[in-house]
Amino acid sequence: MPAIVPTTTTTGSVEATVRRSKRSTPYVLLLPGLGWLAFFFVVPLFASLATSLQVPIEAGNPDGGFTQAFEISNYTQAIAQYWPQFVRSYVFAGLATILALAIAYPLAYFIAFKAGKYRNIMLVLVVAPFFCSFLIRTYAWKTILADQSPVTQFLNFLHLLPDDRILNTPLAVITGIAYNFLPFMTLPLYAALERIDFRLIEAGNDLYGSPWTTFRKVTFPLSLPGVVAGTLLTFIPAVGDFINAQLLGSIKDKMIGNVIDSQFRIVRDYPTASALSFMLMVSVLAIVFVYIRRAGTEDLV
Amino acid sequence: MARTPVVTGKVEDLHLIGLTKQFATMTAVDSLDLTIPAGSFFALLGPSGCGKTTTLRMVAGLEDPTAGAILIGAQDVTQLRPYQRPVNTVFQSYALFPHLDIFENVAFGLRRRGVKDVKKPVEDMLELVELTAMARRKPGQLSGGQQQRVAVARALINQPDVLLLDEPLGALDLKLRRQMQIELKRIQTEVGITFVHVTHDQEEAMTMADTIAVMNEGRIEQMGSPAHIYENPRTAFVANFLGQSNLFPGSVVGRESGFVVVSAFGTTFRIPTSRVATTGDSVVVGVRPEKVTIRAASRAGEPDPGRNSLTGVVTDASFTGLSTQYLVRTAWGQELQVFSQNLSADDVVRLGEDVALSFDPSHTFGLDGSEDLTAGVDKELLELGHVVGGGDSSVAVGG
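Line order of the protein sequences matches chains A and B.
When we follow my numbering, the leftmost residue of the first sequence carries the number 1, and every step to the right adds one.
When we follow my numbering, the leftmost residue of the second sequence carries the number 1, and every step to the right adds one.
Careful, some of the hints might be misleading.
Short, incomplete list of chain A residues facing chain B, as computed with Cβ under 10 Å [stated by the list, open to error]:
#1 197
#2 200
#3 201
#4 204
#5 205
#6 206
#7 211
#8 213
#9 218
#10 222
#11 224
From chain B, some residues computed to sit far from chain A (all C-beta separations above 12 Å) [said to hold, decoys possible]:
#12 49
#13 87
#14 90
#15 112
#16 145
#17 155
#18 160
#19 166
#20 252
#21 254
#22 257
#23 299
#24 313
#25 379
None of these hints come from the bench; they were simulated from the model.
Note that this is a predicted model, so its numbers are computed, not measured.
From the three backbone atoms N, C-alpha and C, an ideal C-beta is built for every residue, glycine too.
Take these sequences, add in the hints, and give me the full structure.
So, in structure tokens, the structure goes:
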């Protein structure tokens, strides 16, 4: 503590102790979170990385155990075999994110600017699906989208369905994902829109911007942080999702999450499953990084 | 430095005809009739809640009138949407677009109207408000005064028929506000556009405006040049809100050539007939604190019969450098304000001293006797018991 010139050594050391404890406070507060992160993320991450490079002790027999061999070819073999599921995951998650954005943006806009006294009720309704389990809600969609359901029959009546059905098609998986992650899209959008100073929109109108132009040039750019947060909160879990593909899709609609799931639980080929998990994580990270850079949210207030 | 005028275009009168705005529980603007001459700097002055901002927002198109019409020249714009009106606004907190830089903020209106080459006009406008160096900064990186100038530039560049300013200097500190008052006046003179300026700050209104309309409870109390309405208030509200006034209730005892003679608390005052706002016999006598001459009674001699005179006791004296502000209690217990310029040291009147007050009849004004003498006095000051408007204690004590 060089800045302190103590009048006596006693007071000096007391002050130093006080200052030291003040400086350590933030770290003490971080400790539980850091501990959690270390035990349940960092350790499993490295365990998984290690597993992904192992080979079976007895070739071809996963029940005989695995040994570390730093086998990089686990990755190349996994990608060669499962790239269609990878691509499908990204396409499904991307389409579901776009669909969710298209539904959530007008909804969030309405809640933020038009709902008035109903605003809180509407927000509760947005979160209400969480009161029911994710799994049960997805099962419910099985019924809603079933071949004999009113929804399917009505759309068939209008000749809108190419395969005459929804369940067990990519459409079911995509709409299911979009539905399940809708609150994650809506809430950040609402938060961003609600923060916008209404006078900025009035200023846009005052400066010859029609309502639509003002939306494009003022409201939407100012809501971009919400769009970025919402799309990430939807896209990232959607890429790894396997429940929707499992329950709503056919065998041809398997996503990478389904492959990893079955590799771990059924085939018990742990190295391949770990390698797939790792590639999924790294590729999502890369996409998110590029996306955030492109969206340029750091320039926004 | 000679500059080509940045804004050149037709400028037309703004007419408000029977303009009314009713909200659920109150009438904000009550059948307002007003013509604002082209090219003038017009101030709508009034306390908060008097309807001035609502009036401005109706002109901008941000609020729909309940009744009445808004015309610019001969064109009825009442039904036009904000973006269709040849009117631009400088918002109270500027409302600059935080995601756009200064150049793009200023260019916004031009781009919306499909102007191809915005570079030259934007640069000219930034030069007018002396912000050329800031073109690529974001609004958040500018000081309050700079943001204020951007807001003016962003509105002015569109060459509107009318520029609306909603408390444009409210967020600035006193020194900067003074500076910006002069700056705004300079810009207005330079561009020649009609400025309609809404404020609750009477000093700001008087400094900048050619014409002031004092607004109270949705109506215009009085309108005219700053000097004219300051010297000739027609209502107690104007007398108290625009500057300060000493007011005391009396009744007419005689009318002679060009003067009304009013007796209040046993003292008679002569007021020029043209300065009396009523033809009735109940008249409130008013005089501005700086028009009153104060002399120690011992040195005053005989009162001048040509002046209005009264006597009192000094109860408070505060020296402000430029002047000394006295509170003088009259024989009937009312405290009057007197501002005396510090001309010479031997003029000084001491606390507790008996004094003779006098003022010229031509500086005296008469209001309708039914007026609330505290109208327009700051409510908080009234509650504190401070006599600032001067008229209140006559209600409490003299009435």
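Going down the list of hints, with the structure as the test:
1. 197: Hint holds; residue 197 of chain A Cβ to chain B Cβ min 7 Å, cut 10 Å.
2. 200: holds, 5 Å
3. 201: At 9 Å from the nearest chain B Cβ, residue 201 of chain A passes the 10 Å test, so the hint holds.
4. 204: With Cβ-Cβ at 8 Å, under 10 Å, it holds.
5. 205: With Cβ-Cβ at 4 Å, under 10 Å, it holds.
6. 206: holds, 5 Å
7. 211: With Cβ-Cβ at 8 Å, under 10 Å, it holds.
8. 213: holds, 6 Å
9. 218: This interface hint holds because 6 Å falls under the 10 Å limit.
10. 222: holds, 6 Å
11. 224: holds, 8 Å
12. 49: It holds; residue 49 of chain B is separated from chain A by about 19 Å at its closest Cβ, greater than 12 Å.
13. 87: violated, 8 Å
14. 90: The assertion about residue 90 of chain B is violated, with a minimum of 10 Å to chain A.
15. 112: The assertion about residue 112 of chain B is violated, with a minimum of 4 Å to chain A.
16. 145: At roughly 19 Å from the nearest Cβ of chain A, residue 145 of chain B sits farther out than 12 Å, so the non-interface label holds.
17. 155: violated, 8 Å
18. 160: violated, 9 Å
19. 166: Violated, because the least Cβ-Cβ distance between residue 166 of chain B and chain A comes to about 10 Å, which does not exceed 12 Å.
20. 252: About 52 Å separates residue 252 of chain B from the closest Cβ of chain A, which puts it past 12 Å; holds.
21. 254: Label holds. Min Cβ-Cβ 57 Å, cutoff 12 Å.
22. 257: holds, 56 Å
23. 299: holds, 60 Å
24. 313: holds, 53 Å
25. 379: The claim holds: residue 379 of chain B sits with its nearest Cβ about 28 Å from chain A, beyond 12 Å.
The structure fails hints 13, 14, 15, 17, 18 and 19 (numbered hints given earlier, in ascending order).
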